[in-house]
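A.B. asks: Could you build the full structure based on these sequences and the hints that come with them?
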Amino acid sequence: MSLPVARSVVLALVRLSGVSKTFRSLQGSDYVAVRDFALNIEAGEFFCLLGTSGCGKTTVLNMIAGFELATSGSVEIAGRPIRSPGADRGVVFQSDDSLYPWLSALGNVEFGLRMRGLPRAERLDRAHRYLDLVGLSGQGHKHPAELSGGMKQRIQIARVLANEPQILLMDEPFAALDAHTRAAMQRELMKIWRTTGKTVLFITHDIEEAVILATRIGIMHAGPAARLKGIIDVTLSDSERERTDDRFIAVYRRVHAMIRDEVAIAMQRTQ
Amino acid sequence: MKRSLARLGGYLIGFASLFALWHVASVYLLNSVLFPPPGRVIAKAIELAQDGTLWENARVSLERIGLGFLFGSLIGIPLGLAIGSFAIVRRLLEPYTEFLRFIPATAMITVAVIWFGIGEGSKIFLIIYTTVFIVIISTAAGVSAVTPNKIRAARSLGASRAQVFCYVAFPATVPYILTGMRLAMGNSFVTIIAAELVAANAGLGKMIWDARLYMLVDQIFVALLVLGLLGFTADRLFRWGIYAFAGRYSPVT
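If you read the protein sequences in the order shown, they are chains A and B. Mind the numbering: the first sequence is residues 1 to 271 in the working numbering, read in order. Mind the numbering: the second sequence is residues 1001 to 1253 in the working numbering, read in order.
In short, the hints are calculated from the structure, not lab data. Glycine residues also receive a C-beta, built at the ideal position from the N, C-alpha and C atoms. Mixed in with the good hints there might be a few duds.
[Stated by the list, open to error] A few chain A residues that face chain B, going by a derived Cβ cut-off under 7 Å, partial list only:
id	residue
1	67
2	68
3	72
4	87
5	91
6	102
7	111
8	112
9	115
10	116
11	186
[As the list claims (entries may be wrong)] Once the Cα atoms are required to be at most 35 Å apart in a straight line, the calculated DSBU-like pairs of lysine-lysine come out as:
id	chain 1	residue 1	chain 2	residue 2
12	A	198	B	1150
13	B	1150	A	142
14	A	142	A	191
15	A	142	A	198
16	A	229	B	1150
17	B	1150	A	191
18	A	229	A	198
19	A	191	A	229
20	A	142	B	1002
C.D. replies: Have a look at this one:
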């Protein structure tokens, strides 16, 4: 009898249930970003949370990261409630202003390890290993300002991976990159995900990006008071994750059909 | 290497043109004993350097600036960090900073002399006074300019709140602190000369005042020249400090 319950507890690394988040504006009026939101992220999967702008997808990520606390409901990782940020959840931000410009690339990558008191030799060893993994071998001495936008995002990814968290939380990490760099970074990220087997929650508003990367795509209703509208499994092989592939296009159409109305609603509400 | 040579060359040409312009203005345009050409001023400077008065007065002024500036910064930086970090501290201290910073140090000279005498005490007090508010305000501004993502990233990389302060908020604020100190350094030069003109027993300001009594125009110009050079050097040192630490990313200068 207890088996199904036990199984789902083991499988769901991150579990949100009945989560609501209300922001109070300076004028005192309330804005409900998400209401009664539920989501399970399983260990090892690449989950894309797809939604229109302003639908509250970043709010969901921020609650899992521990930057914001849910107004009600429960947010858990590995069965423990999330009350603050922690090294078990690595966050990759859209903006590179989260990097430390006074530190070298290497200094940025080993930052978390240094804060957590790892010995220097081990820190450097790990930092170099992850710089290699993201394709920045031999660039560790450079400072962020000397690196391109794509390379800065690689540092962010290496910095989080070096910490060896349970889950990677990525908040539109490639949205500010040009199209070519973005495509290259998506391929890199796929490779890294396959090498490390990390669980990833990836936020995006780009259907194509979601279909290229995800093993599951969660589509959100338009905000405010948003919930998950549906989840689409993506069972494409690596060779099928190409914009021109027929099966890719089929998945794209399914996702598009689900989000199309939400885009229209979001457009109306912002006008 | 090539770039620093070019920079040095630029400075040399700049200074040479300054002196050339000064020479032309003094010898050909005005031709007055009241405006000595650079040659005469430099000759006078060598004379004053040899008998020791120039060194002594410059040393006294620099020492006052140095000490006051050091203490002013040492007081200002932690206060600025606290004001920038905690709203309650800001509310408690803003009446002091926002009230006192509009009373210029030069207006405090008389009070300072009455309180601390004509010697070092009043001068160092005035330099501290002129330094501290600028450093406080720019440090506090620097703390509030740290982007939230930097703090959040550190927290989710496993840094404690104390570590966030030491390893993120503080280094991110350093360029602002240095900029505040650089502005304060300029003010210190203004203040020390004003204070020494009004009441002092030594210093470059005193040297100008004494020269005025005996109409030693050359000597006045020596003091002015030295002031300019000292100020220029001090400012270059600061800019170099800002560049060395912050130049790689966001120099706020």
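A.B. asks: A separate judgement is required for each hint: does it hold in the structure or not?
C.D. replies: Hints, verified against the model:
no.	hint	result
1	67	5 Å, holds
2	68	10 Å, violated
3	72	23 Å, violated
4	87	3 Å, holds
5	91	5 Å, holds
6	102	5 Å, holds
7	111	6 Å, holds
8	112	3 Å, holds
9	115	4 Å, holds
10	116	5 Å, holds
11	186	22 Å, violated
12	A:198 - B:1150	24 Å, holds
13	B:1150 - A:142	19 Å, holds
14	A:142 - A:191	24 Å, holds
15	A:142 - A:198	27 Å, holds
16	A:229 - B:1150	33 Å, holds
17	B:1150 - A:191	27 Å, holds
18	A:229 - A:198	26 Å, holds
19	A:191 - A:229	29 Å, holds
20	A:142 - B:1002	21 Å, holds
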